[in-house]
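As they're listed, the protein sequences go chains D, A, F and E.
Per the working numbering, residue 1 is the first one in the first sequence, and the count goes up by one each step.
Per the working numbering, residue 478 is the first one in the second sequence, and the count goes up by one each step.
Per the working numbering, residue 580 is the first one in the third sequence, and the count goes up by one each step.
Per the working numbering, residue 1070 is the first one in the fourth sequence, and the count goes up by one each step.
Bear in mind the hints are in silico, worked out from the structure with no lab data behind them.
Please note: incorrect hints may appear among the correct ones.
To be verified - Below, a sample of chain A positions facing chain E; criterion: calculated Cβ distance under 10 Å:
#, residue
1, 496
2, 505
3, 564
Stated by the list, open to error - Listed below are the simulated DSS-like cross-link pairs for lysine-lysine, each with C-alpha atoms no more than 25 Å apart in a straight line:
#, chain 1, residue 1, chain 2, residue 2
4, D, 290, F, 1022
5, D, 439, D, 423
6, E, 1676, A, 503
7, A, 503, D, 360
8, A, 576, D, 151
9, A, 503, D, 290
10, E, 1670, E, 1615
11, E, 1184, E, 1536
12, D, 290, E, 1676
13, E, 1184, E, 1670
14, F, 604, D, 364
15, A, 503, A, 578
16, A, 578, E, 1184
17, E, 1670, A, 578
18, A, 576, E, 1536
19, A, 576, D, 149
20, F, 1031, D, 423
21, E, 1462, F, 1031
22, D, 423, E, 1184
23, D, 360, F, 604
24, A, 503, D, 151
25, A, 578, D, 439
26, D, 364, D, 423
27, A, 576, E, 1670
28, E, 1462, E, 1543
29, D, 423, E, 1676
30, F, 1022, E, 1676
31, D, 439, F, 1031
32, D, 439, D, 364
33, D, 290, D, 423
34, F, 733, E, 1536
35, F, 1031, D, 360
36, D, 290, E, 1670
37, F, 601, D, 364
38, D, 423, A, 503
39, D, 423, F, 1022
Glycine included, C-beta positions come from ideal geometry on N, C-alpha and C.
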Amino acid sequence: MDFSNFLMMHQELGLLSIFVILLFFDILASGTRYMRWFRAVAVGLMSLQTIFGFFPMPEGAAFGGMYVTSDLTVLMKNVLNIGTLIVFMQAGRWLRQPENSIREGEFYVIATATLLGMYLMVSSGNFMLLYIGIEIASLPAACLAAFNKYKEKSAEAGAKYILMTALSSGVMMFGLSYLYGAMGTMYFADMSLGVALEPMTILGFVFFFSGLAFKISLVPFHMWAPDVYEGGPTATTAYLSVVSKAAAVFALLLTLHHVFGGMAHVWYYMLWVLTVATIVIGNLFAVRQKDIKRFFAYSSISQAGYIMLGVLHGTEMGLSATIYYIFVYLFSNLAAFGVIASLENRSGQTDIAAYNGLYKTNPKLALVMMLAVFSLAGIPPLGGFFSKFFIFASSAAEGDYVLVFIATINTVISLYYYLRIVKAMFINSPGEDSVGPFKTDGFNRASLVICVAGILFTGILSGCYSYISAVGFGLIQ
Amino acid sequence: MVTMEHYLIVSSIMFFVGVYGFITRKNLLAVLISIELILNSVEINFCVFNRFLYPEHMEGMFFSLFGIAISAAETAVAIAIIINVYRIANNIDVRHIDKMKY
Amino acid sequence: MNILSLLVIIPLATLLLLLLGKGQKYVRGVVVGGFGLLLLSAVILAVLFLHERAVSDAAMLFVADTLWYAPLNIHYAVGVDGISVVMILLSAVVGFTGVFSAWNMNRDFFAWYCLLAIGVFGYFISLDLFTMFMFYEVALIPMFLLIGVWGTGKKEYAAMKLTLMLMAGSALLLTGILGIYFISGGTTMNIMELSQLHIPMTHQYWIFCLVFIGFGVLGALFPFHTWSPDGHASAPTSVSMLHAGVLMKLGGYGCFRVAIFLMPEAAHELSWIFLILTGIGVVYGAYGAVLQTDLKYINAYSSVSHCGLVLFAILMLNHTAMTGAVLQMLSHGLMTALFFSLIGVIYSRTHTRDIREMGGLMRIMPFASVCYVIAGFASLGLPGLSGFVAEMTVFVGSFEHADMFHRVLTVLATTSIVITAVYILRTVGKVLYGPVVNSDHLKLDDAHWYEKISAVALIACIVIIGVWPSGVQGIIYDSLAPVMKQLTLF
Amino acid sequence: MGFTVFIILIPLVMFLLLSFGSKWLRPRAAGVIGTLGMTIPALLSYYTAYRYFLADAYVWPVWGPINTFSMEWLRFSDNLSIEMGVMLDSISIMMLVVVTTVSLMVHIYSLGYMKGERGFQRYYALLSLFSFSMLGLVVATNIFQMYIFWELVGASSYLLIGFYYTRPEAVAASKKAFIVTRFADLGFLIGILILSYYTGTFDFNKIMDVEADLAVTTMAGSSFLGLSAATWAMALIFMGAAGKSAMFPLHIWLPDAMEGPTPVSALIHAATMVVAGVYLIARMFPVYLFAAPDVLTLITYVGLFTALFAALIAITQTDIKRVLAFSTISQIAYMMVALGVSGYGGDFGEGYTYSMFHLFTHAFFKALLFLGAGAVIHTIHSNEMEVMGGLRKYMPITHITFLIACLSISGIPPFSGFFSKDGILSAALRYEPFVFGVLLFTAGLTAFYMFRLYFRIFWGVDRQYEKPPHEAPKSMTIPLIVLAVLTCVTGFIPFSFYVSPDIRPYEVYIHWPVALSSIVVGGIGIFIAMWFYRKASDRPAHLAAKLSGFWKAAYHRFYIDDVWMFITKKIIFRGISGPVAWFDRHVVDGTMNVLGTGTLKTSEAIKGSQTGRVQTYAVVFVLSVMVITVLVLVL
């Protein structure tokens, strides 16, 4: 047996070791004073993992093409790493709360496990591995959603998530089975050659697609997302809305163009309609939300729609724009969730009303939140503006001006609800629900600094996009 | 003669029965069982396709095995969560878990 | 280091300096210093420009070009022609005077104010569609907070409406810009280079509409002007000044720099639609102002009318009328800034803007009142003040069209000057003249020194342009030559 | 004669000096400086007139225009630009003399009249501004320069009428004056636009070059609504002139403008600004004559109607300044008629010549009348005839000078009014007897109402005054005397020698049949007035009662003001502006708001789809998958 295949899996192995280390740390140190180092260790290890991700790595396939790694997948994994790292940094304060402290380690361990699943999703060269990756990524995520053991909402979120994810994985597997039936192989490379416009293939494809769309929370497969985002712990919500979504987008991007590129004209209109529906429905629901987490759930649904603009056309530009968009979206959304987490930890409030007058009580948090929502809304000179521009450009480059037009008009609606948050923080005066001045914990602050730096500089400095663009080049057939 | 189509009809019926069960059952556990039906129908599909169409490889069979394992894991997690729901709400009626909506 | 970049860097530096301290004195010092420096560099730029113009015949001067995003050919490309220089001077003057009108504001206000200035100056110096668009949005968004936080009345509604409408405009614009870029071949975003490329006619139609309406929303194009009355009425003094004085000019400037310049054929073909709209806007704004009772509403409608004239003149597509359009932008900018600054002075003392509750202010605050009368005269186009020069150039230019359509519209537009007289004199008569309505007003004091600086500086500019128009007119006229050439190519 | 530019610039400097220095100057000092400042342009004007007409006479035998100064002010396009300059020809020099003289007199007079008034410095500053604007208008080399100064005189008139800005009537009057003239100026502007488009120039000399005949040749081909471009242009320009010169139906502002200080009325609303319209028509006379003769006919009949109409109203007014105001309207209409009936070349240019002559003489005697009335008002503190009477004993100088002016306006020789009116009548007779007849009748009315005024102020009831009236101070009587002297002597100037439409001198003689008829009619008017008003009696009341319908209508100025009020208030304000404002707020803005609220409403309406139940989600999920599959398969 040739173990050299494993050497291709640097990152997975690294992550696996982190998983094991944390698991044993948790088992051994649980209940002891060493536990207080846990967060630092987790963050430290995750940072190492992130940093190592940026070192050059060999490209290639392993296990007969079941596993594929390339600069592109490494880049995608790096994006996931950064997101996870930031979530780790933000989760600490919440996990130290008395009712959770006994399970502090579990969070990191489970999250690491889901990340591993996402790695596999991104790197898979075979639908079986992809499926396994998706399941590894989603089953533990259900645990994360139900992590607040004593909160009804959390339990409800967990239940909804696990049921829906099971259903979707059933549907997806059903689709996969038909794809298998039609083509006799599960390997991407082989399947892409055999894609034919048979009803069975199309049926299989649509069923398979619904599974990923579910994870990306595209309309009409989005309905779980608001409930789970609202009910789950904030760190989980952040994780689901950014990292999990990103992984699914990456997987979709790769499969759509690598495997189903031959039937692009079939899924193009489908995806087009879903994209528009996602943007519009996400926006329409977001405008009247009162709970900030639910609000961000809908906002992230509509953001997913924007991301689809890049996925729609499998061009080099669309690919780079998508990754770039996700990269910026990651910083923006996590900045927002960092602030939400701080406030929630402090007061237990997730009402938008709690943000009234935040600028007067906690100006820095308010500013971070403002930058975050402005970036999400696409206001220059923040990263979101550039990412939106590039993603629209990628669509316009293919002449799809109608879609661009619809999307840009929808940014106005999204601006409305983002401005509602800004208005609450800056214009409204503090009400009785508002939080008094307080200090955020160090890790969270550091994470916010990273996010703000990301928001501010990913756009202005063109290096980021150029890097992504350079890596993405040539990987699309 | 039992052809592939017969198997597929069975599995499709199972799939839709599962879906139907998911949609109509009140009890969370029953819903979970419906999911198992869906997953099992898929596994039948894989096996059947493998056996009838592509007997030279074992891909479909392996997929079924993995699928069984994963559905077991899924059930484990789901039951854990359902227990938690029961502990908090004293109820496992799926229609009662609708605190969050709109 | 390019002198143009300085115009963006100075407000940026001011913004950063503001973040360092909080004391009122410190803030005032920094802001006055910053905007004074900005004004100075604008003046220096103008002088250098004239100097350079004499020896160079390039369309754009002080050009600098740095590659920014290679995949989309986005450059940080800056350069100015006479029109940009004029607009920069206008912005610098209004920005500077606005500082004095906002004398008692706190640091946060000025921070947003600086951001606004960054956007405005960046916009006027940009040659690259992307950077231009970016600065455009940078200029729009601070408005939300400036109005929302420091405004009066229905400020939240007004701020939201203003921001959303303007952003909707910029959404159209974004689509249009992408269209221009890709349909012209996707090789450059530089306006000057794009002007050499040809956009197929079928595409020009829709792109022109998008871009023109997109910019037109900010330029108060009927019927997309309704953000203006509410927005202006709710905004604090100096924000109204900057917004009506400078920001609305971004619309007009963009209309001709992008819409007309890059899509001359569509401009020829479609101008009639927009001419009708703007023609309506000119008269409609004036009529709308007549019965208003809020000083700021009056001025907002008047802005609709005057800015309508800008777009109207641009769409006339001839050299004289376009010169008039730029002059009108300049003139309206100064004049409306003056108006708002004085309304601010009055409001800060009487705490009302309802003209029915005021009267006889001339005796109580003579300085402010006299300035108001001057502003009124400028607005109704009295010779010797800038408004006359601009309006006359527009009318004379518009009348150069030989066909009845343009002529009849021109005549209709000229009727606005009578209506303007009606509402201006009505306001002046009610507010400044007559007996004192509210005896509490007798105790009020006249403008403070900082408010006086603001008013005097603006009046000086208005008078200079009004008395000696040929200087600025010449610069504009010459700079329009490339645009005209572009228009006559087709 | 480059110095002529200073005639214009000095008042401007005075304006700036007085307005910026008002804080530091004591009122008296400001007045004196202003007056001295006005003296210099006056002297320069006289010198200019002397040089042009007498000393140099280098333009002989043609009084051709000379541009002594010119600079480009604004360039519209490569061939169209506005120049600022000084053009001297006979009528502009005549106007220079008139304007500077009357202005100087008013400056001096105001030293006494306005003494102690609040805003004394402002008053003098505005007077200087007005003088500047008026002089600039007079010497304009091109029609656009004229328009510019035309607007400026309008503005200074506005400011001066509203001098007593705390009085609502004054504010309303100033507003009305400005807006009405502005409306008329709109016509002027459009006329300029049309004219300049076809001729490609604003320059008077080029437009009116009879040989080149620019206007006629270029505008012949185009027409609009059946009228030629030239007719349109010139008719619209006449609209501007009619507004400034208070021709029916744009005359409504002038009577109200009497709310301003009386010296201002004398200067602006009697002697100078209001005749600017006549001056404009005279300036463009060749164009009217050759390119748009129809418009000249229009001018004739509008003028004729206005003359009669205003005279009828003047008979019934009781406010002495109103009487004078309507008299002014009537007299200006005379000038208009004269222009309208004029021909070209030699004797045929008589109407033109005498129009200008009447303008010249009228300026002095009407200023005199106003200033005299001012002196009365100054001491009585009222404008109403009812409270006056028997003042001849108290104010001898005022009385005599006023009488001279009255005789002059009534056309009694040897006062100047006789000569100028006579020429107009004879020109009218040459044109059409009907016109002549109406003018003659108007002359009689003029004599009647002027002497009605005279008798009621200085004769009539001998009233007992609480404070005995007194003669005006020196500063006021000196201008009266000067103007009275001018009224006596100016009639003897051989005007036709200097002013004619073809700028070539010619000779005219008094047409005695016409003159006699005019004298007789004037005498009858005076006699009737004497019979009615010499002593207190109930004859006027009887007459008024007999003619009550007419009397009331005339007293209310034939309700023209009400018609205008109806048009502005009801139609423009309520009918257009109100609906526009409503439309904007509710329809245009409403649409925008509906877009916003519509989104929110939709959002509210569809919220139910998110039921919160897993099973709904599953239904949606599975159904969507099915539907998509089917759709993809089918499509």
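Each hint tested on the structure:
Of the supplied interface hints, the one on residue 496 of chain A holds, with its beta-carbon coming within about 5 Å of a beta-carbon of chain E, less than 10 Å. Annotation: residue 505 of chain A was flagged as interfacial toward chain E, and the flag holds, the nearest CB pair being 9 Å apart, inside 10 Å. With 10 Å as the threshold, the beta carbon of residue 564 of chain A stays out of range of chain E, its nearest partner Cβ sitting at about 19 Å, so the hint is violated. The suggested pairing of residue 290 of chain D with residue 1022 of chain F is violated, with an alpha-carbon distance near 48 Å, which exceeds 25 Å.
For the proposed pair residue 439 of chain D and residue 423 of chain D, the alpha carbon gap of about 22 Å is at most 25 Å, so the pair holds. At most 25 Å may separate the alpha-carbon atoms for a hinted pair to count; residue 1676 of chain E and residue 503 of chain A meet this at roughly 24 Å. The hinted pair formed by residue 503 of chain A and residue 360 of chain D fails the criterion: a straight-line CA distance of about 49 Å is larger than 25 Å. Proximity of residue 576 of chain A to residue 151 of chain D is assessed by CA-CA distance (about 12 Å); at most 25 Å being required, the pair is judged to hold.
For the hint pairing residue 503 of chain A with residue 290 of chain D, the CA-to-CA distance comes to about 30 Å; that exceeds 25 Å, so the pair is violated. Distance hint between residue 1670 of chain E and residue 1615 of chain E is unfulfilled; the C-alpha atoms sit about 73 Å from each other, more than 25 Å. With a C-alpha separation of about 19 Å, the suggested pairing of residue 1184 of chain E with residue 1536 of chain E holds against the 25 Å cut-off. Only pairs whose Cα atoms come within 25 Å are accepted, and residue 290 of chain D paired with residue 1676 of chain E is accepted, the gap being roughly 13 Å.
The hinted pair formed by residue 1184 of chain E and residue 1670 of chain E fails the criterion: a straight-line CA distance of about 70 Å is larger than 25 Å. Taken as a hint, the residue 604 of chain F and residue 364 of chain D pair is honoured in the structure, with Cα atoms around 23 Å apart against an allowance of 25 Å. A hinted pair counts as satisfied when its Cα atoms are at most 25 Å apart, and residue 503 of chain A with residue 578 of chain A qualifies at roughly 18 Å. For the suggested pair residue 578 of chain A and residue 1184 of chain E, the alpha carbons sit about 83 Å apart, so the restraint of at most 25 Å is broken.
Proposed proximity of residue 1670 of chain E and residue 578 of chain A is supported: the alpha carbons are some 18 Å apart, at most 25 Å. Proposed proximity of residue 576 of chain A and residue 1536 of chain E is contradicted: the alpha carbons are some 94 Å apart, above 25 Å. Between residue 576 of chain A and residue 149 of chain D, the direct Cα distance comes to roughly 16 Å. Compliance with the 25 Å bound is thereby established for this hinted pair. About 34 Å separates the Cα atoms of residue 1031 of chain F and residue 423 of chain D, which puts this hinted pair outside 25 Å; it is violated.
For the hint linking residue 1462 of chain E to residue 1031 of chain F, the alpha-carbon distance of about 54 Å lies beyond 25 Å, and the restraint is violated. For a cut-off of 25 Å, the pair hint linking residue 423 of chain D to residue 1184 of chain E is broken: about 60 Å separates their Cα positions. A C-alpha spacing of about 21 Å is found between residue 360 of chain D and residue 604 of chain F, which places the hinted pair at or below 25 Å, so the restraint holds. Distance hint between residue 503 of chain A and residue 151 of chain D is fulfilled; the C-alpha atoms sit about 22 Å from each other, no more than 25 Å.
Restraint check for residue 578 of chain A and residue 439 of chain D: not satisfied, since their Cα atoms lie roughly 33 Å apart, outside the 25 Å limit. About 15 Å separates the Cα atoms of residue 364 of chain D and residue 423 of chain D, which keeps this hinted pair within 25 Å; it holds. Simply put, residue 576 of chain A and residue 1670 of chain E have alpha-carbon atoms about 23 Å apart, close enough for the 25 Å limit, and the pair holds. Restraint check for residue 1462 of chain E and residue 1543 of chain E: satisfied, since their Cα atoms lie roughly 17 Å apart, inside the 25 Å limit.
For the hint linking residue 423 of chain D to residue 1676 of chain E, the alpha-carbon distance of about 24 Å falls within 25 Å, and the restraint holds. Of the supplied pair hints, the one linking residue 1022 of chain F and residue 1676 of chain E is violated, its CA atoms being roughly 57 Å apart against a limit of 25 Å. Distance restraint check for residue 439 of chain D and residue 1031 of chain F: the Cα-Cα separation of roughly 45 Å exceeds the 25 Å cut-off, and the hinted pair is therefore not satisfied. At most 25 Å may separate the alpha-carbon atoms for a hinted pair to count; residue 439 of chain D and residue 364 of chain D meet this at roughly 10 Å.
Restraint check for residue 290 of chain D and residue 423 of chain D: satisfied, since their Cα atoms lie roughly 14 Å apart, inside the 25 Å limit. Note on residue 733 of chain F and residue 1536 of chain E: the hinted pairing is violated, with a Cα-Cα distance of about 59 Å set against a maximum of 25 Å. Taken as a hint, the residue 1031 of chain F and residue 360 of chain D pair is broken in the structure, with Cα atoms around 33 Å apart against an allowance of 25 Å. A hinted pair counts as satisfied when its Cα atoms are at most 25 Å apart, and residue 290 of chain D with residue 1670 of chain E qualifies at roughly 16 Å.
Straight-line distance between C-alpha atoms of residue 601 of chain F and residue 364 of chain D comes to about 15 Å, which keeps the hinted pair within the 25 Å bound. This hinted pair does not check out: residue 423 of chain D and residue 503 of chain A have alpha carbons roughly 43 Å apart, beyond 25 Å. Taken as a hint, the residue 423 of chain D and residue 1022 of chain F pair is broken in the structure, with Cα atoms around 37 Å apart against an allowance of 25 Å.
Checked against the numbered hints given earlier, the structure breaks hints 3, 4, 7, 9, 10, 13, 16, 18, 20, 21, 22, 25, 30, 31, 34, 35, 38, 39 and satisfies all the rest.
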